[in-house]
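Asks: Sequence:
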Amino acid sequence: MEKENKPIKRSAQLAPLSREHHEGLLFGWKIKQGLAFEIPIATLQAFVQWSWQNHFRPHFESEEKILIPLLPEKHPMVLRMQKEHEQIRVLVVALMEKADAAALQSLGDLIKGHIRFEERALFPEAENILSEDQLDQVLTALENQPSPEHTAWTNEFWIKK
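The working numbering applies: residue 29 is where the sequence shown begins, and numbers increase by one.
Hints are computed from structural coordinates only; laboratory data are not their basis.
Some clues are possibly wrong.
[Stated by the list, open to error] Derived lysine to any residue pairs resembling SDA-like cross-links, with alpha carbons at most 25 angstroms apart:
{"hint": "1", "residue 1": "K60", "residue 2": "W181"}
{"hint": "2", "residue 1": "K126", "residue 2": "F75"}
{"hint": "3", "residue 1": "K102", "residue 2": "W181"}
{"hint": "4", "residue 1": "K58", "residue 2": "A127"}
{"hint": "5", "residue 1": "K60", "residue 2": "Q162"}
{"hint": "6", "residue 1": "K93", "residue 2": "K126"}
{"hint": "7", "residue 1": "K93", "residue 2": "R108"}
{"hint": "8", "residue 1": "K102", "residue 2": "Q162"}
{"hint": "9", "residue 1": "K60", "residue 2": "N183"}
{"hint": "10", "residue 1": "K58", "residue 2": "I94"}
{"hint": "11", "residue 1": "K37", "residue 2": "L107"}
{"hint": "12", "residue 1": "K58", "residue 2": "S90"}
{"hint": "13", "residue 1": "K126", "residue 2": "Q162"}
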């Protein structure tokens, strides 16, 4: 029997983080497409750097500064999230030094797995642990963050031409 992936119902308070996760999943797909289309590694490396600066770093900071302080410090899911954030940071730094197809694919896979974990395990756990007031606090803090100023990535290398 095939397991059906139903959409996950997310609280309104954590929905902004879930929307950012969608962008993260697209990142992994774009890297995979870029590798399949034999896009120059330097282009993919630049995309990783742009994505880190404009998406992943601000997203990680939001989760780590806003959501995580409200959860039990030694909760295994919190520890896993922190460990995976660090693994992603280390891999991004390594990719800025030297990139190859295997490392790029590893980053895409790591991010996809991390997002799936947060969406399917960590966020539902947070919604169970946190009070409605605490969830509202998360949303207010997310809404009050300054929007990052960045230019759009214009090279749509993931589209077959």
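Asks: Next pair to validate is K58 with I94; report whether the Cα-Cα distance is within 25 angstroms.
Replies: Outside the cut-off at roughly 29 angstroms; violated.
Asks: Are the Cα atoms of K126 and F75 separated by 25 angstroms or less?
Replies: 14 angstroms, holds
Asks: If you draw a straight line from the CA of K37 to the CA of L107, is it 25 angstroms or shorter?
Replies: 24 angstroms, holds
Asks: Sort out whether A127 lies within 25 angstroms of K58, counting only the CA atoms.
Replies: Holds: K58 and A127 sit about 16 angstroms apart, inside 25 angstroms.
Asks: Given the proposed pairing of K93 with R108, does the C-alpha separation stay at or below 25 angstroms?
Replies: Judged against 25 angstroms, a Cα distance of about 16 angstroms means the pair holds.
Asks: For a C-alpha distance cap of 25 angstroms, please report whether K102 and Q162 respect it.
Replies: 18 angstroms, holds
Asks: With a cut-off of 25 angstroms on the C-alpha distance, tell me whether K93 and K126 pass.
Replies: 30 angstroms, violated
Asks: With the threshold set at 25 angstroms, check whether the alpha-carbon distance from K60 to N183 stays at or below it.
Replies: OK: K60 and N183 at ~15 angstroms, within 25 angstroms.
Asks: When you check the alpha-carbon spacing of K60 and Q162, does it fall within 25 angstroms?
Replies: 38 angstroms, violated
Asks: Please work out if K60 and W181 have their alpha carbons no farther apart than 25 angstroms.
Replies: Within the cut-off at roughly 17 angstroms; holds.
Asks: Does Q162 lie within 25 angstroms of K126 when you go C-alpha to C-alpha?
Replies: 42 angstroms, violated
Asks: Given the hinted pair K102 and W181, is their alpha-carbon gap at most 25 angstroms?
Replies: 38 angstroms, violated
Hints 3, 5, 6, 10, 13 from the earlier list are contradicted by this structure; the remaining hints agree with it.
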